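With the hints as extra help, turn the sequences into a complete structure.
Going by our numbering, the letters in the sequence shown line up with residues 37 to 131, in that order.
Quick list of the computed label-pair ranges, beta carbon to beta carbon:
1. E66 <-> K126: 48 to 56 Å
2. S86 <-> L59: 18 to 26 Å
3. A130 <-> A77: 44 to 52 Å
4. R120 <-> V61: 31 to 39 Å
5. A130 <-> L59: 51 to 59 Å
6. N80 <-> K126: 37 to 45 Å
7. S100 <-> A130: 37 to 45 Å
8. A67 <-> L123: 35 to 43 Å
9. E55 <-> A83: 17 to 25 Å
10. G69 <-> N121: 38 to 46 Å
11. A130 <-> K73: 47 to 55 Å
12. E47 <-> D98: 17 to 25 Å
13. E122 <-> L59: 38 to 46 Å
14. I95 <-> G58: 14 to 22 Å
It should be emphasised that the hints constitute simulated quantities derived from the structure, not laboratory data. Nothing here was measured: the structure is a model prediction, and the numbers come from that model. Where a beta carbon is used, it is the ideal one built from N, C-alpha and C, also for glycine.
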Amino acid sequence: MLMHNPPHPGEVLRELCLEPLGLTVTAAAEALGVSRKTLSAVLNGKAGISPEMAIRLSIAFDTSAESWMNQQSQYELWHAEQHRNELNVKKLVAA
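Next comes the structure, spelled out in structure tokens:
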């Protein structure tokens with residue numbers, strides 16, 4: 037079952053990981069080994085969590101890469117489901 041309008045993983049990252057530790061975007065980006073621009077795009081919902089970023093986050097915050105990927109998947113799938121009726125797809129049945 038899909039969560040109702042799940043938050044973007046960047047929002048979760050900001051609120052549950054960066055803010056409690058008092059980390060700036062610059063400091064977090066440096067620790068993660070990515071550019072400030074890359075991390076900022078994730079935090080602002082302009083970019084998703086890639087598998088590589090999920091691994092970086094899992095190392096930095098002692099979480100699982102799968103949890104980050106699951107959040108990204110739930111976010112994307114919920115948003116895609118909002119346009120289900122616009123898809124021109126026919127059911128396939130055996131002849």
